[in-house]
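Please construct the entire structure, taking both the sequences and the accompanying hints into account.
With mature numbering (1 follows the signal peptide of the UniProt record, and there is no 0) applied, the sequence shown corresponds to residues -21 to -1, 1 to 430, in that order.
If you are wondering where the hints come from, they were derived from the structure by calculation, not from laboratory data.
Glycine is no exception: its CB is placed at the ideal position from the N, C-alpha and C atoms.
Warning: the hint list may mix true and false statements.
Distance condition first, Cα-Cα at most 25 Å in a straight line; then the derived DSS-like pairs of lysine-lysine [to be verified]: (1) Lys359 x Lys31; (2) Lys407 x Lys359; (3) Lys407 x Lys326.
If you anchor each label on the Cβ, the simulated ranges turn out as follows [as the list claims (entries may be wrong)]: (4) Ala294 x Ser230: 33 to 39 Å; (5) Ser216 x Asn419: 17 to 23 Å; (6) Ser362 x Leu132: 44 to 50 Å; (7) Asp292 x Val410: 50 to 56 Å.
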Amino acid sequence: MTRVFATAALSTALLASSANANVSKYFVAAEAPDYNNEAVANLLTNVKSVRKPGEAYAVFDWDHSAMFGDVSATTMFYQVDNLNFRFSPEEFESIFALGYRASSSDTCFPNGTNSVIGKDVNGTDVTFIAALTNTAKDYKVLYEAHIAPTYNLTCDFTATASLDEIKETSEFLNFRAKLGFLLYSLQLMNGGDDHSDCSLINAMIVYPRLFVGMTEDEIAAFARASIRWNLAESLESLTYTSTGDVAVKASYSKGMRVFGGQEATMRALREAGVAVYVISGSPELLVAEAADLAGLGYLVSRDNVYGGRFTTDSAGLFTGELLGGYPTTWGPGKATIITSILMPNHKGAAPIYSSGDSDGDCEALSTVRDGIVHINNRLKDNSTCIYSYYEKACQYFGTTEPTTNNTYLLQGQDKPIGTWINSGFTTKDGVTYTSGVPTNDGCAAYKFLSF
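What follows is the structure, given as structure tokens:
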């Protein structure tokens, strides 16, 4: 590694005072480039130069930003693999119809449940209703044979099969593939606009509807078990294919990793008097468990976590319906949380630090002033808004953006093993490393390592 001693300029005030910074306060995230560490160290030392007491705060995304992996997607796989559900077969179709009918029409599903949501393994169109009803049939068999007797749910049948036994059946194998296809397709909308009103809502509710009928305590306990299991598992994308009338293919994500650099950053920010918040598109119940799980170092208090919020019924059971009057916590909704909740709580000040990785974070990143915008480099292409932040990190390397007074930091990853690396470049195979940005000499200044 080539050590870089040039310090990112945060502001005139920061540069003026950083010369007097105590060397003992030097910030180190072991996996991060020295350039990034020195920029963060300057901010930590000089928080009082850019914000008055009570004004300083930082905002982190969670999935793929605070941790390697997606807490919703990995929990979904764990839940399906364990058949841990509480809803009846009769409820299945209404839960995952998402309120659509054949007569419904919006930009997400123009023909309601008759809309095409993908293709089967033979390239034939599959409609929303076909995937929904076929998946429900398999669920009914699994419910009667295993789910109902295991969780003491109402059922007219008394047959009992162990989890290992039921997972050998064609119904389970088909259900796993069909459900993955259905839920992923409902989020993808056959390539629709992911910033449309219906998309923002659907993306928030699809995976969480698997929790319908559970208590919040059950969800929290299940989330803890899933997170611990996934942290010990290999990082994989598992593909399954169903047979029969609806032969479809689906992929699930397995495995998560802790980003030690994010733990260190959160702790250091709090020590410097900066309040730390998490805003995630995943359900708040899941993210809160991960953010304060014993043994992990994030230590983000429950009150500082904002994610998807849902209602419970009169019996205290999860409904899968979003809480009214509360923003969606993806894309523009993240900025709404910042401007309508966090800014008023911090005397109208903008955040001085934000970290994200995808298009769902761009609006939140854009709210930072006089501080650091930290981007996890997942090699998104130039059609995405997050790509523009890769470009800013390359363009403003060693200086600040004039209009915002921000420093932009690019953090590379070794994707196969789920860690940060001492570079802004990322590798998908441990052999080829790239910034993903062709401009500014391929962002060569951010390479650091000798590949």
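Comparing the hints with the structure gives:
1. Lys359 x Lys31: Since the Cα atoms of Lys359 and Lys31 sit roughly 36 Å apart, the hinted pair is violated (cutoff 25 Å).
2. Lys407 x Lys359: holds (12 Å)
3. Lys407 x Lys326: Violated, at roughly 43 Å.
4. Ala294 x Ser230: 33 to 39 Å: holds (35 Å)
5. Ser216 x Asn419: 17 to 23 Å: Between Ser216 and Asn419, where Cβ atoms are some 32 Å apart, the hint is violated.
6. Ser362 x Leu132: 44 to 50 Å: holds (45 Å)
7. Asp292 x Val410: 50 to 56 Å: holds (53 Å)
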